[in-house]
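Quick note, the sequences are listed as chains D and Z, same order.
Okay, so the first sequence: first residue is 1 according to our numbering, each after it adds one.
Okay, so the second sequence: first residue is 1 according to our numbering, each after it adds one.
Since the hints were derived computationally from the structure, they do not count as laboratory data.
Watch out, some of these pointers could steer you wrong.
[Claimed, not checked] Cross-link-like lysine to aspartate or glutamate pairs, in silico, DMTMM-like; alpha carbons within 20 Å at most: (1) D:K128 x Z:D278; (2) Z:K158 x D:D172; (3) D:K126 x Z:E108; (4) Z:K19 x Z:D37; (5) D:K128 x Z:E108; (6) Z:K302 x Z:E328; (7) D:K145 x D:D101; (8) D:K145 x D:D172.
[To be verified] Covered by chain D, per the in silico footprint, the following chain Z stretches (three or more residues, Cβ under 8 Å): (9) 28-34; (10) 42-51; (11) 101-112; (12) 139-152; (13) 180-189; (14) 202-211; (15) 283-297.
We treat Cβ as the ideally placed atom computed from N, Cα and C, and that holds for glycine.
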Amino acid sequence: MTLVAAETGVSASELLTIVASRELAGRNTVFAGIGLPTLAVSLASMTVAPDLEIVYESGVCGAHPSHLPETIADAVLITGAEAVLSMPVLFGYVLQGGHIDVGFLGAAQIDKWGNLNSSVIGPWDKPKVRLPGSGGAVEVAANSKEVFVVMRRHDSRTFVEELDFCTSPGPDRALADGGRVRGSGVTKVITELGILTRAGVRDELRLTAVHDGISVDQVRENTGWDLKVSEDLRVTPQPTVDELRLLRNEIDPRRVYLR
Amino acid sequence: MTIQAPTTRPVETTAGRTKNKVLSMHEAIGRYVRDGDVVAIEGFTHAVPTAAGHEIIRQRRKNLTLVRMTADIIVDQMLAGGCINTLVSSFVGNSSAGSLGELRRRIERAEPAPLEFQEYSHYGMICRYLAGAQRLPFFPLRSYFGSDLPRIQQGMRKVASPFPDEAGSHEDIYVVPPINPDVTIVHAQRADRSGNTQMWGLTGIQAEAVFAAKRAIVVVEEIVEDDVIRADPNRTVIPALAVDAVVECSGATHPSFTQGYSDRDNDFYRAWSGISGDPVRLSEWMNEWIYGTRDHAEYLAKLGEDTTARLRVGQALSGRVNYGTRLEPAGNAGNLSKEQQQ
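Go ahead and model the full structure; you've got the sequences and the hints to work with.
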């Protein structure tokens with residue numbers, strides 16, 4: 001979707017990173033995987049949430065990198081970090097132990113209940129596209145207090161009535177399978193068109209904000225289910241000069257993620 | 001896939017504390033990795049034992065079941081080498097830098113051959129190693145409720161807790177079976193000759209993967225004298241009793257990195273999608289870089305001084321701790337019997 005970029009000079013990736021970072025205000029502990037979430041958390045910690053602690057999926061807590069990391073396992077995240085944890089400690093004690101406020105995830109498909117597919121497009125045993133799979137997403141979805149999702153593309157193939165495969169379920173599916181629910185599941189979905197919000201169990205995603213220049217109809221047309229719209233729908237404030245400068249010059253100057 | 005209960009027999013191992021276990025990479029792979037084995041190669045982005053994977057390809061091992069949490073470039077290369085027919089993994093991708101071409105062709109189009117893929121999540125894999133290392137029949141975790149993953153394979157089962165909660169009801173929980181690889185291969189910074197292995201930076205799942213295995217190969221940047229290890233015993237992540245072979249191979253992780261020794265070759269990760277996306281180009285790459293090199297020293301020499309210089313790292317020494325000594329004269333206390341000590 002190039003509409004936003006054409007009017008403001010801000011790319012879709014930049015916009016959704018900035019929007020995602022603003023949603024982190026007031027949160028303390030964030031679990032970040034690979035990709036745009038890492039950028040959003042970095043930006044939030046430099047703007048709206050200075051006390052934000054990032055727990056990287058590689059096992060690093062309280063990183064103080066000398067250079068900007070290119071991956072969640074970059075050597076510069078280790079040197080000078082407050083803690084480096086093994087996998088059983090990170091996933092078992094920190095994540096399953098209930099220490100994470102916000103888990104940040106991406107996905108190839110999402111449905112109205114915040115269930116996520118990062119495994120396959122098409123049938124699992126004969127996929128049209130084999131995607132990376134869960135990584136820690138199943139655990140992040142099951143154990144974080146809430147989950148934020150960043151979706152690069154917002155169209156009827158990514159926002160679907162029915163997932164091709166449910167890799168990481170939200171609490172409604174978990175309850176139906178006899179599970180005990182620990183968090184709200186997906187509460188925010190940040191896309192190139194706007195923000196979808198969901199309160200928790202038995203609530204479905206609804207449109208709560210559109211980005212500048214995007215109409216409600218446009219979002220509904222690009223969503224694969226009958227998307228409900230919030231009564232107090234807002235328009236996303238434009239990225240500030242400061243946010244753009246931090247993102248472009250300090251966080252991802254080599255354009256690893258900002259494609 | 002059939003899930004079998006694990007054996008309860010004691011661990012059969014050739015590992016021990018005092019033996020000199022130093023082998024060349026060629027010898028270690030030749031002796032401990034056999035056709036049809038279940039092979040775990042671990043290292044979570046950090047310390048990926050690439051050189052061992054290359055040697056498995058050179059020795060043309062076949063029909064391996066490869067177990068690896070993050071199946072990345074080394075897995076794509078071993079697939080291209082025809083070594084693997086089953087993959088057990090929780091993430092199949094080239095980090096954030098793109099796709100694995102050979103893996104996708106195998107899974108999406110069965111080209112040039114189908115690949116059996118057992119898909120897990122990270123914590124599912126971790127719990128399988130934890131069960132394997134402890135010779136337990138299964139390990140519980142709070143994942144998979146409502147996921148489609150338990151529908152596509154038998155390796156995730158729901159059971160009722162035998163213990164009632166406060167309300168008197170019995171919670172359902174998913175369990176996963178153990179992994180007990182025939183051989184696990186990991187990389188670390190240093191070890192002594194008997195296999196006391198010290199590791200720092202991201203330590204991932206390496207210790208659990210080694211303890212879960214029937215045989216274990218540890219590849220290190222350098223083999224050091226015993227007193228280097230004994231000066232900092234808490235840094236020994238894997239003790240000698242779990243290790244069968246120690247291989248010294250500097251720079252063995254390229255394009256991955258080894259904390260304090262060499263940095264990650266991000267350019268190579270970015271280039272890999274292009275190489276592996278085209279089967280002809282991939283075959284040429286395999287011929288040139290793996291079959292065309294006798295060992296990892298030749299691979300590194302071929303990589304060239306420009307690349308190795310680019311990946312060199314500076315110094316950031318750890319702080320020091322005081323392990324303490326007893327102040328009374330040492331004498332020969334270590335040799336006294338209990339009666340004599342009293």
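*Between D:K145 and D:D172, is the straight-line Cα distance small enough, at 20 Å or below?*
15 Å, holds
*Mind taking a look at whether chain D covers the stretch 101-112 of chain Z? Criterion is 3 or more residues with CB to CB distance under 8 Å.*
holds (count 4)
*When you check the alpha-carbon spacing of Z:K158 and D:D172, does it fall within 20 Å?*
The hint holds at about 18 Å.
*Restraint status (C-alpha distance of D:K145 to D:D101 at most 20 Å)*: Status holds; Cα separation ~5 Å.
*Counting residues of the stretch 28-34 of chain Z whose CB is closer than 8 Å to a CB in chain D, do you get three or more?*
That given contact is violated, which follows from only 0 residues of the stretch 28-34 of chain Z lying within Cβ reach (below 8 Å) of chain D.
_chain D covers the stretch 202-211 of chain Z, three or more CB atoms within 8 Å, holds or violated_ = holds (count 6)
*Does the alpha-carbon distance linking D:K128 and Z:D278 stay inside the 20 Å limit?*
Given pair D:K128, Z:D278 holds - Cα atoms ~18 Å apart, limit 20 Å.
*asked:* Check whether the Cα positions of Z:K302 and Z:E328 lie no farther apart than 20 Å.
replied: Between Z:K302 and Z:E328 the Cα gap is close to 57 Å, so the pair fails against 20 Å, i.e. violated.
_Under 8 Å between beta-carbons, do enough residues of the stretch 139-152 of chain Z, three at least, approach chain D for the coverage claim to hold?_
holds (count 10)
*Do at least three Cβ atoms from the stretch 180-189 of chain Z come closer than 8 Å to Cβ atoms of chain D?*
It is violated, with 0 qualifying residues against the three required.
*Count residues of the stretch 42-51 of chain Z with a Cβ under 8 Å from any Cβ of chain D, then say if the count reaches three.*
holds (count 3)
*Take a quick look at whether D:K128 and Z:E108 sit within 20 Å of each other, Cα to Cα.*
Satisfied, since the Cα-Cα distance of roughly 6 Å is no more than 20 Å.
In this structure, the earlier hints numbered 4, 6, 9, 13, 15 are contradicted, and the remaining ones agree with it.
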